[in-house]
Amino acid sequence: MVSMRSIAWFLAAALAVPVAVHAQDKDHGRDLSGMWIVQDPGSGSWSEWFDNVPKPQLRPEIITDNEAIAASERAGNVVNRMPRTASCPVGNLPMMMASSPPLNIVASRDEILIGAESNRGRFIYTDGRPHPDVKAPSYVPSGFGHSVGRWEGDTLVVDTIGFAPRVCDSRRPVMLTPGGGRAKDTTHLVERYRLASPDELSVTFTWEDPTVLLAPHTYSYTYKRLAEGIPIENNEEAPTGPQPKYITDQVEK
Amino acid sequence: MRLHVLAALVMVLGSAPAALAQGGGSAARPDLSGYWELRFDSFNVPAAALTAPAQAAAEARRKKDLEAIRGCLNIGMPALMNDRATLDIRQSAGVIGMVAKSPSSTRYVYTDGRKHPDAEELEGTTNGHSVGRWDGGTLVVDTVGFNERGITAIPGGGYRTARSRLTEQYRLAADGQQLVVTFTWTDATVFRRPHAYSFRYYKVPSISEPRVTNCIANDAARARFLTEAPAPAPAR
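Those protein sequence lines, which keep their order, are chains A and B.
306 is the number of the first residue of the first sequence in the working numbering; add one for each residue after it.
40 is the number of the first residue of the second sequence in the working numbering; add one for each residue after it.
Hints are computed from structural coordinates only; laboratory data are not their basis.
It cannot be assumed that every hint is accurate.
Here are some of the chain A residues that sit facing chain B, going by a computed Cβ distance under 8 Å [claimed, not checked]: (1) Glu353; (2) Asp356; (3) Val384; (4) Pro388; (5) Thr390; (6) Asn409; (7) Val445; (8) Ser447; (9) Glu505; (10) Ile537.
Below, in silico cross-link-like pairs of lysine-lysine (DSBU-like), each with a Cα-Cα straight-line distance of 30 Å or less [to be verified]: (11) Lys360/A - Lys529/A; (12) Lys440/A - Lys529/A; (13) Lys103/B - Lys529/A; (14) Lys489/A - Lys140/B; (15) Lys440/A - Lys489/A; (16) Lys140/B - Lys440/A; (17) Lys140/B - Lys102/B; (18) Lys102/B - Lys154/B; (19) Lys154/B - Lys140/B.
The C-beta atom is built at its ideal place from N, Cα and C for all residues, glycine as well.
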């Protein structure tokens, strides 16, 4: 005969399982892992898409600088002729997050990888570490900056500083943000990642930089999950035959 | 009263098997996430038994790999796993990411049960396409879909081709402070029999910044170092 006490123990043990599952479901809402493609409204033009955000309130000198860049491009300065050197920063966060190659996200407990085009990407530390001293000589700035994240309910809040002051681009030696802003050493970015549904990721970007903006600039992107997408690789073949001229020129010096 | 209790018990237990299956699978899996480095005693690499064509191609392959290094191309597999800078492995429920510091694509190992794409859909990459499954505490990874770009050299001899297949077994050791990986390459055009070797990685608490080697392809001194034959010491 099963006693009421035995039944109560069974019940207590069984009830504990759904509680654990509920916690796991909550974690599942936090697992951003997967391949995600940004939802471009279909402009067909990179610059139109990139700037298709609420207008930022730019400082007058940034507006003037943007006009100068546009005039230079109209005059034919459309090819980057600046050679890459060891001091050239790697990465471009605003471009990567807006580009059509899918983002590959792997979210572990302590760190989140965001790769693009199966290539280099971002690292978001979620282990509680602070930003390093990005003004220290030992810090090497990049176009991805330094990112730390924390969860606020079902939203991952990512804080990024430590962008490179300049980039190696003869056309515009600054990293542009959507709408004509800048990401540089004085810039602070806050991103908010949330799964609107299992197959839809919403990311809201808020840029702050008093040397660029009169007020924080906020816009959002939606990314759709590419189930079982295959990572592609920005993969150049090793050069064959004669060496590129920029190599031979320098080797001969 | 008793009927009500039993009815509740039946309802609750009815949901339990699904819940246990959902939670049990992932709970039993080791978490390979962490920063891992190779040290002087990390390698158990026997010589590969190469086919005659592979032996004949060795020097040409060496030069091709050198060109890839000079050009800062994605190094790919297996060089990504040989990287002497710290390797970052990140594990989520359905995919594992591996990032080396040298020029390379992030490597993704899908553990969500998917299969390799059909051959006609699979464009070869330096890392190939990897799927993994857990066999107890061991992650078994199967990789196909390579191309012949990047660094193709395989430890012990031989090289990666588009026909290569790689099987890896990942196992944590020393209370999670070591990661032992056994690599087995099969490729009838290169190996007379499957070529297996093992690496033992040590867990380290942090990784140095910046996370990416800023490889400069047009660095003339670097190009000279890589491509010119070293001058032998003068005879005494």
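Structure-based check of all given hints:
no.: 1; hint: Glu353; in the structure: violated, 29 Å
no.: 2; hint: Asp356; in the structure: violated, 28 Å
no.: 3; hint: Val384; in the structure: violated, 16 Å
no.: 4; hint: Pro388; in the structure: holds, 6 Å
no.: 5; hint: Thr390; in the structure: holds, 6 Å
no.: 6; hint: Asn409; in the structure: holds, 6 Å
no.: 7; hint: Val445; in the structure: holds, 4 Å
no.: 8; hint: Ser447; in the structure: holds, 6 Å
no.: 9; hint: Glu505; in the structure: violated, 17 Å
no.: 10; hint: Ile537; in the structure: holds, 7 Å
no.: 11; hint: Lys360/A - Lys529/A; in the structure: holds, 24 Å
no.: 12; hint: Lys440/A - Lys529/A; in the structure: violated, 37 Å
no.: 13; hint: Lys103/B - Lys529/A; in the structure: violated, 39 Å
no.: 14; hint: Lys489/A - Lys140/B; in the structure: holds, 24 Å
no.: 15; hint: Lys440/A - Lys489/A; in the structure: holds, 12 Å
no.: 16; hint: Lys140/B - Lys440/A; in the structure: holds, 23 Å
no.: 17; hint: Lys140/B - Lys102/B; in the structure: holds, 22 Å
no.: 18; hint: Lys102/B - Lys154/B; in the structure: violated, 35 Å
no.: 19; hint: Lys154/B - Lys140/B; in the structure: holds, 28 Å
Of the numbered hints stated above, those contradicted by the structure are hints 1, 2, 3, 9, 12, 13, 18, listed in ascending order.
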